[in-house]
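Colleague: Each chain, written out:
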Amino acid sequence: MRSPARSLPYGTMAGIMTLLIAATMTWYVCSGLLPWEYLGQAGTPLFDAARVTGSAGLMVLLFVGTMFSTLASANGCINDASRAWFSMGRDRYLPSWFGAVHPVYRTPYRSIVFLVPIALIFALGAPLDQVVTFSILSGLLGYTFMTFNMVMFRRKWPLDTIKRGYVHPLHPLPVIVLLTLCAAAYFAVFLGYGTQLSAMMCFYIVASLWFHFRRYRFVRRGDQFTMPWPKPVGY
Amino acid sequence: MITTISLSAFIAAACAWMGKRAISDHRAALAKRKGLLDEAARLFPEARISFAPDHFPILVGRLEDGRQVRVELLADTMVTRRLPQLWLRVTLRELRECNRPAIGALARPTGAEYYSLVHDLPEWMAPPETDASLLMRSDGSGTTWQVERAAMMFRNLFSDPTLKEAVISPRGTRVIRQAAQGERAAYLFLRQIRFAVTAISVDLVQKAVSEAKALSQVLNASESIVAVDEAA
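Chains as they are written, first to last, in our numbering: chain A, 1 to 235; chain B, 1001 to 1232.
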């Protein structure tokens, strides 16, 4: 990255603005065409809204858009997720069996073969809104951990102890804002999807306990830490 | 009804066309891989070219002193959010096992380098200061002098950001360099691996071989300083 100090805020803001504008336009148009009570329950709300317009061109456009978004999701499920498992297998966070590379295709074939059926079960066997909720809640959990990580990172390596490409401004204000937003999102999710939220928390707590008491002894600790930094404060 | 039939026919035709195109593209890509090291083969008398299971060529030749050089190409798509990389791997095999430790360095490690020898070495060491993050490991048998000499060599070599790995072992040395980077659009859109190279440059192979030779000498010298610049 040529200039993290410029690229990071620019990329973050551009991403947020794109998402906000696109999402607001979608909600505005769809809720103008169909009652929100229907949209909230529909499996294919965008396509249903397009059908109401009676425009064949719009329906075809949405079909093509759906195909592209499906391809993007398939890329994520098949290529990126399998590589994440491959890396975790090599670092022993998961069984090293997942760290194998196919001799011909040079792909993490065991991870792909293992994850594709799981992706298919989620895609075909589970209700769409439940899957999406689970996915979004997992992302929300990631953002929540980010707040604690940012505080710990700044405490372990205070300013001027390492060379930083980007310094988070007004620390810890962004952390507090993010944590407040996460808390508000959890509360809103609890009101509508309390069961899913509880199920997700149970899943991650069980997975964390398994990792802490069983898996962590196999992890090659320190292998991932390769930055030429001084020892963190307190160590 | 007609709309449904038309749409089904269109989808079937599109799938057939995409399948045919994918197969022909794949075959063309495999055929293109085979000639990548043809020009580099001129560097070595009696060079032999064979093919790996992924259809990339493997060039085996000998230096003037009889040591074997093996030149390979590896496609790496294991790191997410990074373009596919084509690595050039040069292995120099000594005539007989040398009395020296196994010690190596890997630039910008992610843990996903399945082709790396450094990850298999048991002892973690403090790397020399470079612009890139560096993982340096050894088998633990090296003396302080040997470690310092190797670190000095690595510091010079890794000032070039296209160098990925350098390893010294009793049986030989190894250098891994970037040979090409995948095409951005093909990767971002469908995660395809396309390298816009028709031949690996002779200069690149020559440079990697020179570096392997320099690594081979760096722990053999006693007091005389091996000019690390000769590797560049």
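Please note: incorrect hints may appear among the correct ones.
What follows is a list of derived Cβ distance ranges for each label pair [claimed, not checked]:
id	chain 1	residue 1	chain 2	residue 2	range
1	B	E1129	A	L141	33 to 41 Å
2	B	E1097	A	G125	27 to 35 Å
3	B	T1144	A	T18	31 to 39 Å
4	A	L141	B	P1122	46 to 54 Å
5	A	R220	B	S1050	32 to 40 Å
6	B	T1144	A	R220	57 to 65 Å
Calculated cross-link-like contacts (lysine to aspartate or glutamate; reagent style DMTMM-like; alpha-carbon spacing at most 25 Å) [unchecked claim]:
id	chain 1	residue 1	chain 2	residue 2
7	B	K1034	B	D1203
8	A	K163	B	E1183
9	A	K231	B	E1123
10	A	K231	B	E1064
11	A	K231	B	E1148
12	B	K1213	B	D1203
13	A	K231	B	D1054
14	A	K163	B	D1160
15	A	K163	B	D1131
16	B	K1032	B	D1054
17	A	K156	B	E1129
18	B	K1020	B	D1038
19	B	K1032	B	E1129
20	A	K156	B	D1131
21	A	K231	B	D1131
22	B	K1207	B	D1025
Since the hints were made in silico from the structure, they are not lab data. Note that the structure is a prediction, hence the values are computed from the model and not measured. Beta carbons: idealized from backbone N, C-alpha and C, even for Gly.
Colleague: Against each hint, give a clear statement of whether it holds in the structure.
Modeller: We went through each hint and held it up to the structure:
1. B:E1129 <-> A:L141: 33 to 41 Å: Holds, since B:E1129 and A:L141 (Cβ atoms, about 37 Å apart) stay within the stated range.
2. B:E1097 <-> A:G125: 27 to 35 Å: Cβ of B:E1097 to Cβ of A:G125: about 57 Å, so the range 27 to 35 Å is violated.
3. B:T1144 <-> A:T18: 31 to 39 Å: violated, 55 Å
4. A:L141 <-> B:P1122: 46 to 54 Å: violated, 36 Å
5. A:R220 <-> B:S1050: 32 to 40 Å: Given range 32 to 40 Å: holds, Cβ gap about 34 Å.
6. B:T1144 <-> A:R220: 57 to 65 Å: violated, 26 Å
7. B:K1034 <-> B:D1203: Status holds; Cα separation ~19 Å.
8. A:K163 <-> B:E1183: Distance ~32 Å between A:K163 and B:E1183 Cα, so the pair is violated.
9. A:K231 <-> B:E1123: The hint holds at about 19 Å.
10. A:K231 <-> B:E1064: violated, 48 Å
11. A:K231 <-> B:E1148: holds, 22 Å
12. B:K1213 <-> B:D1203: Holds, at roughly 15 Å.
13. A:K231 <-> B:D1054: violated, 43 Å
14. A:K163 <-> B:D1160: holds, 20 Å
15. A:K163 <-> B:D1131: holds, 11 Å
16. B:K1032 <-> B:D1054: holds, 12 Å
17. A:K156 <-> B:E1129: Judged against 25 Å, a Cα distance of about 21 Å means the pair holds.
18. B:K1020 <-> B:D1038: Violated, at about 29 Å.
19. B:K1032 <-> B:E1129: Violated, because 40 Å separates the two Cα atoms, which is more than 25 Å.
20. A:K156 <-> B:D1131: The hint holds at about 22 Å.
21. A:K231 <-> B:D1131: Status holds; Cα separation ~19 Å.
22. B:K1207 <-> B:D1025: Outside the cut-off at roughly 32 Å; violated.
Hint compliance for this structure: hints 2, 3, 4, 6, 8, 10, 13, 18, 19 and 22 are not met, and every other hint is.
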